[in-house]
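Asks: So the protein sequences, as listed, match chains A and B.
Just add 4 to the spot in the first sequence (first one is 1) and you have our numbering.
Just add 10 to the spot in the second sequence (first one is 1) and you have our numbering.
Mixed in with the good hints, there may be bad ones.
[Stated by the list, open to error] Reference listing, derived: stretches of chain A covered by chain B, where coverage requires no fewer than 3 residues with Cβ under 8 Å from a Cβ of chain B:
id, segment
1, 48 to 55
2, 173 to 187
3, 283 to 296
4, 311 to 321
[Unchecked claim] Far from chain A, some chain B residues (derived; all Cβ distances over 10 Å):
id, residue
5, Leu86
6, Ser101
7, Ala107
8, Leu114
9, Gly115
10, Phe118
11, Gln165
12, Ile185
13, Ile197
14, Gln217
15, Gln226
16, Arg266
Rather than coming from a laboratory, the hints here were simulated on the basis of the structure.
All C-beta atoms in this analysis are idealised placements derived from N, C-alpha and C, irrespective of residue type, glycine included.
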Amino acid sequence: MVLGFDRLWNWLKSNQEVASVSQDLQKLPTSYQQDLRQSLAQLPIPEKTQTTIKNAVTDAIASWQKDDAAENHLAFIDSPAEPLEDYLINLLTKDSQLDNCLVFSFPHSTTPQQRKTQLKEALSHIPSDAEVILIPNLAKGFLRCIHGLEAITTLQTTILENRDRFWILGCPSWAWEFLHTTHQIKANLNQETYLPSLDAKELEAWFKKVDVDILIEAEEEQTCSYFQSLTKASLGLSQVAQDLWINSLFCPQEKAEIENPTLSVKRQTSFLPELPELSLEDCYLLYSLLLHQTLNLDCLAVSLGTHATSLQSQILQLQKKSFILAEDGVYRVNPHYYPHILLDLRRNGFLVP
Amino acid sequence: MFYWIAQIGSKPGQAVSHLLSQITTFKLTQAILVIAATYVILRSLSMFLNWLSEQVVLQFRQQIKQSLPFWQLLVLLIAIFILGDLFLDLSRANLLALSGTIILGLGFAFREYISSMMAGIVVLFESPYRIGDRISIGDYYGEVKHFGLRSFELQTLNDRRVTIPHKTIWESPIINANQGNLETPAIANFYLDPKVNPQQVQNILMQAAYTSKYTQLQKPINVFLTESPEKTHFQLKAYPIDARAEQAFISDLTGRAKQAFNQENIRY
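Produce the complete structure using the sequences and hints provided.
Replies: If you want it as structure tokens, here you go:
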């Protein structure tokens, strides 16, 4: 019932927004939008996320080295809308915080047998000097089908048996919850750190680092309430906030036509888009995608217990509605809709943390 | 009937004229309008609540659908009261006489119908079944799709709609699988060779349930086993996210489990 009111409220608000914006403002020119997106993609990892990851790793490894009874693993959990895998690889390997860190990423393979074999091979060929093993995305290690979870069983056993190595795992929260149901993973790998969401001030500081030629016309009071509203709408998730931020920027019509090198833009209070109607079949598909973060068509079909051909039209429909995005044949949920989808699936009985 | 009413007044003609006084063209027009409005409201109410139940989240769907007979009863009672007020002088004595007469008359003429309606009212309050429930009554098993005052409709697993009068509850036991909850357990049956390794089969069945897109993962998943000389009967019990997908859920579990049995040479 509440969802209905939420939708009605959002619909009313978005209509008001369109009405007020359409008179003298228009969306940013495409070239500026592209520049903005590129600039956003190059933003550094938010400070708070960096500190949390680095501190947790330092503390956990220090206690593992000192105490034989300490846990030999650390799991980082984050929303499936966030690029946790990139965060971990960039912070723990490229920024060279850890010596002798080996990264193992599961490739996209359709058959569960392949995943298990690849994992076993990788585990048997770990160099003797590799003290720390980083598995940045556990969601890529399983597929929702019979025997599709065997790689996780193998990995779990290996981690618990190999105490001479330290294991750092990254896992989207939906997959972590799923694996807890199937493998009691929270009980077995119980040293876990949930990455915190960003608050209004942190988001504001983060967006100040965007390097493009635009001048945002806003007073300080407006800025404060804008970022509070953005934080609420994006659930403090950086990727959702990025998308909402771009969509909240408008410029005066005449300026857009001239396309000045430094564009002066106005910011509208960000609102989440109205969620187009989702069928139960759409919910199943979106849940599968969010469970694994990204999937290709074949893996998605296996995860849904169907054939790839029967999924194509549904995927096209969801792409048209902008629910899912495709890149090189790999699908993911549009972060723009993540907060709504999360709410919808949670209220409809799906296993959502 | 009229004889009984006539006992109330001092003269038979006077009593009837007091009870049915002042029938005018205006009142008749009003009555027709009330009946028409009642019909329209009842139809719109049914359509509106059905629409509303599909708009809201799953957890509220059943409650909204289930409230339909209550609203229908309320509208009917209001309409009857307005009509009664238009044509009848509802004094205490008249009311007593009228209700007694109606009960007696209708009781003879529509005994079965009244029995079903009374049972419908009892069901409304006792709720042995509600819309969305999976029930077994008499020879039928299915989901309660429609709940009227006199009868309810059951959609069987082979998509047949069966209309059953509520009075069936007087004489037939009802087995309710989900008792108003959204989740209904689904049971997939597997009849395997008695020589199979039960642990291996159980493992496959559990995985089939855990990895089905339909499975409500917040509910327990169980495998039960019973033995007979010619077969081992495995029952996989799990809950679908949406009870309406029960059949698709069972098909999914059965199909994928059989595929795994074939791959691992498990005989069934």
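Asks: With d taken as the least Cβ-Cβ distance between leucine 86(B) and chain A, does d exceed 10 Å?
Replies: holds (26 Å)
Asks: Going by Cβ atoms, does isoleucine 197(B) stay more than 10 Å from chain A at every point?
Replies: At about 19 Å from chain A, isoleucine 197(B) clears the 10 Å cut-off, so the statement holds.
Asks: Does the segment 311 to 321 of chain A contain three or more residues whose Cβ lies closer than 8 Å to a Cβ of chain B?
Replies: Check failed, 0 qualifying residues.
Asks: Does the segment 48 to 55 of chain A contain three or more residues whose Cβ lies closer than 8 Å to a Cβ of chain B?
Replies: violated (count 0)
Asks: Mind verifying the non-interface call on phenylalanine 118(B)? Its CB should be farther than 10 Å from each CB in chain A.
Replies: Phenylalanine 118(B) is indeed farther than 10 Å from all Cβ atoms of chain A, at 45 Å.
Asks: Test the statement that glycine 115(B) is away from the interface with chain A: the closest C-beta pair must be farther apart than 10 Å.
Replies: holds (44 Å)
Asks: Are three or more residues of the segment 283 to 296 of chain A within 8 Å, CB to CB, of chain B?
Replies: Holds: 4 residues of the segment 283 to 296 of chain A have a Cβ under 8 Å from chain B.
Asks: The segment 173 to 187 of chain A covered by chain B? Criterion: 3 or more residues, Cβ-Cβ distance below 8 Å.
Replies: Satisfied; 3 residues make the cut.
Asks: Determine whether the non-interface label on alanine 107(B) survives the test: each CB of chain A must be over 10 Å from its CB.
Replies: holds (46 Å)
Asks: Should the label of glutamine 217(B) as a non-interface residue stand, given a Cβ cut-off of 10 Å to chain A?
Replies: Label violated. Min Cβ-Cβ 5 Å, cutoff 10 Å.
Asks: Is arginine 266(B) truly not at the interface, in the sense that its beta carbon sits beyond 10 Å from all beta carbons of chain A?
Replies: violated (6 Å)
Asks: With d taken as the least Cβ-Cβ distance between serine 101(B) and chain A, does d exceed 10 Å?
Replies: Serine 101(B) clear of chain A: closest Cβ-Cβ about 44 Å, beyond 10 Å.
When held up to the earlier numbered hints, the structure conflicts with 1, 4, 14, 15, 16 and fits the remainder.
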